[in-house]
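2 protein chains.
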Amino acid sequence: MAGFWYTEKQTDNFGITLKVNKTLHTEQTDFQLLEMAETEEWGNMLFLDGMVMTSERDEFVYHEMVAHVPLFTHPNPENVLVVGGGDGGVIREVLKHPQVKKATLVDIDGKVIEYSKKYLPTIAGKLEDARVEVMVGDGFLHIAESENAYDVIMVDSTEPVGPAVNLFTKGFYAGISKALKEDGIFVAQSDNPWFKADLIRQVQKDVKEIFPITKLYTANIPTYPSGLWAFTIGSKKYDPLAVKEERFHDIDTKYYTKELHNASFVLPKFVKDLTEE
Amino acid sequence: MAGFWYTEKQTDNFGITLKVNKTLHTEQTDFQLLEMAETEEWGNMLFLDGMVMTSERDEFVYHEMVAHVPLFTHPNPENVLVVGGGDGGVIREVLKHPQVKKATLVDIDGKVIEYSKKYLPTIAGKLEDARVEVMVGDGFLHIAESENAYDVIMVDSTEPVGPAVNLFTKGFYAGISKALKEDGIFVAQSDNPWFKADLIRQVQKDVKEIFPITKLYTANIPTYPSGLWAFTIGSKKYDPLAVKEERFHDIDTKYYTKELHNASFVLPKFVKDLTEE
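Chains Y and V, in that order, give the protein sequences.
With our numbering, the residue at position 134 of the first sequence is 134, and numbering never jumps.
With our numbering, the residue at position 153 of the second sequence is 153, and numbering never jumps.
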């Protein structure tokens, strides 16, 4: 179809609406409804089960903040795993770190990878890099089968509905801990504090039981519900708020800075309260 | 009317949509179209010329961040002026500071004050306080007629269309400087960096020519365009990033904290770039 307004209901009673120039691809994959569209405001966009996953215009925020916060926190992140993230945006940011020797991507839906390469080339363009291994498979199982393998694990999943529901369980966080090396770090997207306060509270509680250093940070993503996105970081050894100055090196970013690295952990009071309950 | 979805086009090609239970009041005032509505997600809301001004659920962010950043920066803010802000939210926050002896509100549209008192009582409820003087009149003229009068001036205006267009000019900032005491501070809402980059760039440039200390800070407001709102602060003497620890005192807030005071000035790289051009 061409020339219409698409509305995503982000809650039962609130949503965003945006002008679509044309639909580029629509397909019910084995796992979810995949839609690619060319929009007037945000460039090409990927939707899964009707929810905005990424847009060419604002994708940099999410991808930079998932990747750079844990990667600068770890002193030598050589071996990195991305669970989900088939659009390739997190991988693109991971590769900006010269310490990374290998980045493995495990996405359950090969169609997301295929159509991101086709319609989101500025996001997915680094998936063919020599340092990257792309696997189409179940990230939950891959984690369960991995032991002492990764320095940093990033969970770039959809919401806890559909294929991602296992990725928001305490069993998954325990698996992540086992899959990480003894000084490993993981980060997971954790939805937003305005509409999903209970989710953030529960994830913080669960992760704290497994990781000695558990924190929440946020970033502004205009096409995501409420515009304020939360990320949970769990670390075995390194504190994301105690990164040595010399660890930071220049990378090309549009959102992340080393100053913002620290500031993103300073939470609005009502969000801070969620992490302390 | 009752039981419909209202859509605010925040740009030509993007907007928010929300479920309205019922319209409470609709009136073309002498200055703008005033609408009050009861919404399912955000509680009662005020719209001016079709744009969201405030909602009961997320108003605390804007009002706390306008008021507390300059009021904690100034060591002794006794005399405070709010230009616009007829909903009373900024005044409510100003009154949390015991140093404030008098808070003057000048809004051009008495109907905003009248209907905010009626339908947004948790926001407007402090307009009758003994320390508050409410004036219905032109804020631009009030500023022009004031000299060496205020410690802190807060510009809580609509967008630079309609009645607020004069409030985004260099002449207005010069007037504010004159209306402030020799160590005065002002803050003005400055829209958002995603859709109004040029505005932010221009305001920063204009204010810098008049105020030796000019900075930008942001806050997350879900019902405002992009979810990331910007505020320009201009100060003659006191640096908002050099507030002495003992200056902070406990106040009841839901968004502002003294840590967030500082963190809100740490900008995403693309926003920081706007302030340095």
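In short, the hints are calculated from the structure, not lab data.
Incorrect hints may have been included.
Heads up, the list lumps identical chains together, so a pair's fine if it works in one copy or across two of them.
Derived EDC-like pairs: lysine to aspartate or glutamate, alpha-carbon spacing no greater than 16 Å straight-line [unchecked claim]:
1. K254 <-> E276
2. K269 <-> D252
3. K170 <-> D109
4. K178 <-> E209
5. K117 <-> D250
6. K272 <-> E259
7. K244 <-> E277
8. K19 <-> E8
9. K170 <-> D250
10. K258 <-> D239
11. K272 <-> E114
12. K126 <-> E246
13. K269 <-> D250
14. K237 <-> D273
15. K96 <-> D273
16. K269 <-> E245
17. K254 <-> D273
18. K272 <-> D252
**Prompt:** Given a CA cutoff of 16 Å, do K170 and D109 count as a within-copy pair, a between-copy pair, both, or neither?
**Reply:** neither (23 Å within a copy, 54 Å between copies)
**Message:** Within, between, both or neither: how does the pair K96, D273 come out at a Cα-Cα threshold of 16 Å?
**Reply:** neither (34 Å within a copy, 21 Å between copies)
**Prompt:** Is it within, between, both, or neither for K269 and E245, if the alpha carbons may be no more than 16 Å apart?
**Reply:** The answer is neither: 28 Å in one copy and 18 Å across copies each exceed 16 Å.
**Request:** Could you place K254 and D273 in one of the four classes (within, between, both, neither) given a Cα distance threshold of 16 Å?
**Result:** between (30 Å within a copy, 9 Å between copies)
**Message:** As a check of your reading, is K258 near D239 (CA-CA no more than 16 Å) within one copy, between copies, both or neither?
**Reply:** within (14 Å within a copy, 22 Å between copies)
**Message:** As a check of your reading, is K126 near E246 (CA-CA no more than 16 Å) within one copy, between copies, both or neither?
**Reply:** Answer is neither; intra-copy 27 Å and inter-copy 50 Å both fail.
**Request:** Please work out whether the CA atoms of K254 and E276 approach to 16 Å or closer within one copy, between two copies, in both situations, or in neither?
**Result:** between (31 Å within a copy, 15 Å between copies)
**Prompt:** Taking 16 Å as the upper bound on the Cα-Cα distance, should K178 and E209 be classified as within, between, both, or neither?
**Reply:** Within one copy, since 14 Å is at most 16 Å while 57 Å is not.
**Item:** Within, between, both or neither: K272, E259 at alpha-carbon 16 Å
**Value:** So K272 and E259 pass the 16 Å test across copies only (11 Å; inside, 20 Å).
**Request:** Could you place K269 and D252 in one of the four classes (within, between, both, neither) given a Cα distance threshold of 16 Å?
**Result:** The answer is between: 10 Å across copies meets 16 Å, while 31 Å in one copy does not.
**Prompt:** Checking K117 and D250: alpha-carbon separation at most 16 Å within a copy, between copies, both or neither?
**Reply:** neither (27 Å within a copy, 52 Å between copies)
**Prompt:** Can you tell me if K237 and D273 fall within 16 Å by alpha carbon in one copy, between copies, both or neither?
**Reply:** neither (24 Å within a copy, 34 Å between copies)
Taken one by one, the earlier hints fail for this structure at numbers 3, 5, 7, 9, 11, 12, 14, 15 and 16, listed in ascending order.
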